[in-house]
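Asker: What follows is the residue order along each chain.
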Amino acid sequence: MKPSASSLYQAVELQQEIPPLLIGERANSNGSKRFRELLLEDDYQSCLKIALDQEAKGAHVIDLCTAYAGRDELKDLTTLVRMCAQSLKAPLMIDSTTPECIEACLKIYPGRAVINSVNLEDGGVNIRRVCKAAKRYGAAVVALAIDEKGMAMTADEKFGIAKAIHDIAVDECGLRPSDLLFDCLTFTVGSGDESLREAAIETINGIRRIKKELPGCMTVLGVSNISFGLTPRARRVLNSVFLHEAVSAGLDAAIVDAAKILPLARIPEEDREVCLDLLFNRDTAQEKNPLMRFIDYFTDKAESSDDESEESAHTPEEQLFKQLVDGDKEGLEDLLSILRERLKPLAIINQVLVPAMRHVGELFGKGEILLPFVLQSAEVMKESVTALEPFMERTDGASATKVLLATVQGDVHDIGKNLVDIILSNNGYKVFNIGIKVTAETVIEKAREHDVDVIGLSGLLVKSAIVMQESMPQYREAGLDVPILLGGAALTPKFVAESCVPDYTGPVVYCGDAFAGLKAVREHEDSTLVSTVYSERSAVQTMKPGVKDTAIDRTHPVPSAPFVGRRYVEDIDPEQLFPYVNIEALFRGRWGYRRGKMGAAEYRELITTTVQPLYERLLHRTLEEGLIQPKVAYGYFPCHAEDTTVRVEVDGVRYDFAFPRQAEPPYLCIADYFKTEQEGGDIAGFFVVTIGDRIGRETAQLYEQNAYHDYLMLHGFSVEMTDALAEYWHAVMRQELGIGAEELPTQGLISQSYQGSRYGFGYPACPDLDVHQPLFAFLRPEAIGVSLTENMQMVPEQTTSAIVAHHPQAKYFAV
Amino acid sequence: MEEKESSGRYICVNCGYVYDPAQGDPLNAIAPGTSFDDLPAEWVCPMCYAPCSQFDPLD
Ligand code: B12
Chain R
38 MKPSASSLYQ
48 AVELQQEIPP
58 LLIGERANSN
68 GSKRFRELLL
78 EDDYQSCLKI
88 ALDQEAKGAH
98 VIDLCTAYAG
108 RDELKDLTTL
118 VRMCAQSLKA
128 PLMIDSTTPE
138 CIEACLKIYP
148 GRAVINSVNL
158 EDGGVNIRRV
168 CKAAKRYGAA
178 VVALAIDEKG
188 MAMTADEKFG
198 IAKAIHDIAV
208 DECGLRPSDL
218 LFDCLTFTVG
228 SGDESLREAA
238 IETINGIRRI
248 KKELPGCMTV
258 LGVSNISFGL
268 TPRARRVLNS
278 VFLHEAVSAG
288 LDAAIVDAAK
298 ILPLARIPEE
308 DREVCLDLLF
318 NRDTAQEKNP
328 LMRFIDYFTD
338 KAESSDDESE
348 ESAHTPEEQL
358 FKQLVDGDKE
368 GLEDLLSILR
378 ERLKPLAIIN
388 QVLVPAMRHV
398 GELFGKGEIL
408 LPFVLQSAEV
418 MKESVTALEP
428 FMERTDGASA
438 TKVLLATVQG
448 DVHDIGKNLV
458 DIILSNNGYK
468 VFNIGIKVTA
478 ETVIEKAREH
488 DVDVIGLSGL
498 LVKSAIVMQE
508 SMPQYREAGL
518 DVPILLGGAA
528 LTPKFVAESC
538 VPDYTGPVVY
548 CGDAFAGLKA
558 VREHEDSTLV
568 STVYSERSAV
578 QTMKPGVKDT
588 AIDRTHPVPS
598 APFVGRRYVE
608 DIDPEQLFPY
618 VNIEALFRGR
628 WGYRRGKMGA
638 AEYRELITTT
648 VQPLYERLLH
658 RTLEEGLIQP
668 KVAYGYFPCH
678 AEDTTVRVEV
688 DGVRYDFAFP
698 RQAEPPYLCI
708 ADYFKTEQEG
718 GDIAGFFVVT
728 IGDRIGRETA
738 QLYEQNAYHD
748 YLMLHGFSVE
758 MTDALAEYWH
768 AVMRQELGIG
778 AEELPTQGLI
788 SQSYQGSRYG
798 FGYPACPDLD
808 VHQPLFAFLR
818 PEAIGVSLTE
828 NMQMVPEQTT
838 SAIVAHHPQA
848 KYFAV
Chain D
1315 MEEKESSGRY
1325 ICVNCGYVYD
1335 PAQGDPLNAI
1345 APGTSFDDLP
1355 AEWVCPMCYA
1365 PCSQFDPLD
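Chains as they are written, first to last, in the numbering used here: chain R, 38 to 852; chain D, 1315 to 1373.
These are calculated hints, taken from the structure and not from any lab test.
Treat the hints with care, as some may be off.
Claimed, not checked - Covered, in the sense of this in silico footprint (three residues per stretch, anywhere, with C-beta under 8 Å from a C-beta of chain R), are these stretches of chain D:
| id | segment |
| --- | --- |
| 1 | 1332 to 1346 |
| 2 | 1351 to 1361 |
| 3 | 1365 to 1372 |
Being a predicted model, the structure only gives us computed values, none of them experimental.
Beta carbons are placed, not taken as given, at the ideal position from N, Cα and C, and that holds for glycine.
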């Protein structure tokens, strides 16, 4: 059993997979002025709300303290504990120094609470009483490094007190080591007091010793004391850096205002260095001491123009602009209501929010910020506009340029056009997003109905590009002439220029990404938008990588198949796929956490503090919530090659897979890796694998909720999980064929270091997707819930197919 | 500032393939010792065909 606390509703592990456990500190009459004032007015309901708010902001456990001179602590605390027990999902930390109060609360609290706190101030009286109560009611206990002499300063003293408490609690009162959370306490390094210059070091060393010498025990810390006396902005940075250091030293839990902790990756390297110098009392060559350097540094910073400040030194306009750029939603509603007293809602949008989004777009274009952060900014935009909408006139925004977006017929790919929607609508345009699998007729109808200024079409596979091409004359004949923007992974500027532009009256524009779409819409407004042109001469002819040897060994033995025919496997444990996930492709490619202009160290930091934890959370959810349901339809079939065709024999019926041959040396063709009839024939593997449609629905929901960032993350995760399943199943098939014995694990990276190859239909060695027809005819993946659309797309989208060749020379190539 | 002298490796963000100048890229007939910056403009990832712009410096 992992140590945990629980409420009526849930258990929370005290040692989080990604530490620290965050303990909300705002429902505290000593620490929060607001909470205290509410309590003095007997406004319990609002006190409860402060607790609930913190839970919403990510606190795992909520500290509750009502001690205040002149008030009845027992009544206040028990009342609020009762209310919290009903409403709060997060477990409670009962914060009191009075044993009566603690006992009364434990009695009524329906879960496993944490007691905050015991110490040795009175020489050991209260601690025994409280520990016994903890034992009786089953609670965890926070123990402070305080004894008769006061708060422990040095690591040795901190450890000494912890050890003494440990002996009382464990040996005498029967608690388990894992019931104890030691708080080493910390003093500020910001006061200039010479005796406190090592305060951070002592605390961190104390944590280290406790973790090492009192096995099983946990540690907790109120982090913000470290920076007492410094300016708010500097405090926030210093607290965050200190927390990170403490966690590295073994800290399990932190009492913090979760909303005020900055992810390390958001703290510039230089800021971090200045903090570390102060925390570790590092004297450098300069004559100033680390505190002076720290103070000077952050004063300079505050003066520089676009820097963050907690005070209202900035106008609310500037503040809003900045919050949007930073993707920071904190206090947004308040800020907007202040602004509404000065500006009309539409003016707030047009004068502050839209320019801020434009700035974000420019930063992205320059590679200064990454896509995930752009999406966070878009979320701020969306939330602001939603909050302003009730105050807007009906006619407000009626003059905005209108864009129709659709994914074409036979195509279920949603995310490409949705990202375009996010970018356009949050840059002030009116978007009509009419969904997936939309016929040309419906596009025409809706374009007329909404009288749109621009049409945007999207699709995933080449077949959808063909659909776009074929619908161009239809749009022309319907009398449309508004610009049409085309996008999707399988489109090229060449295809758009040569196959789509000529058949339509208005401009037809290739858009490589959502920002290209934004640019096109702006150009349309400026009347400068023109159709995509393509010139063979200026275009770069890309290389065709691949093995250059032509002589294919015809004598290679055919492995024996474990069975002949098709089979379905539906009970695959998702955890099996984890080692096959291509993490680099996920983080950098799908999620957009590229290194960009970052230094190596900064990027590593971003990965370890933000990206890796995100990934681990998703893995966790995969197992907990059954997010993915891997299923496989596969089989081995006798076949033989005839020129460029692989003829497959199933139940007496022949299915042909025609593969193209390279037009230049070495003239490779997939069929060459299979033996001819004369050579005795061969064996071909096929598979269709899917992770099901559940995760697709979850993903769509995030989009509905305007959780753009999480939307992209979950989608990217689902995509790489699908690939991992294909990689895993290919490995299983090599094992079954007896050709996988000496393989090394690939860690998800494409290295092709195994024997043979899997060729996904539609990829460069076999671009033709029509072979999905014969494949579906004999593999019948409908049995695992996969169907085929009219343009050869597999549904659910998170599905992939391939032919498996065992020949050692079979590798990827492009025709 | 100091970190400059690195191995000069680049990683494909689309598939994770690592271009190592010490190895070159035999599948594209690129000789060992060719730095990433010296790759021809038409060079693509030998595994997934992504262009140079889809590469990140690795270390
Ligand atoms: C992820 C992915 C998958 C995922 C699923 C798709 C998904 N997204 O959920 C998985 C792994 C399951 C998969 C499977 C397959 N895939 Co795939 N896949 C990709 C990949 C790597 C990325 C696609 C993606 O989602 N990108 C992210 C989204 C957000 O980007 P996007 O849709 O392109 O949209 C952006 C832009 O294109 C643009 N945009 C898009 N629409 C519009 C519209 C307008 C108006 C504007 C302005 C802009 C715009 O803006 C968007 C945001 O910036 C691409 C290659 C690539 N690097 O692009 C191949 C790719 C699309 N896949 C390909 C193939 C062949 C397949 C399979 C057929 C392989 C197989 N045999 O199994 C299957 C088919 C799946 C099916 N359901 O039928 C080929 C398609 C070529 C072809 N012949 O059609 C590609 C191009 C790879 C390649 N280089 O060959 N694939």
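Asker: Next step is simple, just say for each hint if it's right about the structure.
Answerer: Quick rundown of the hints versus the structure:
1. Coverage of the segment 1332 to 1346 of chain D by chain R holds [criterion: at least 3 residues with CB-CB distance below 8 Å; count 4].
2. Restraint check on the segment 1351 to 1361 of chain D versus chain R: 8 residues with Cβ-Cβ distances below 8 Å, three needed, restraint holds.
3. As drawn, the segment 1365 to 1372 of chain D meets chain R at 4 residues by the rule of a beta-carbon pair under 8 Å; at three or more, the given contact holds.
Checked against the numbered hints given earlier, this structure breaks none of them.
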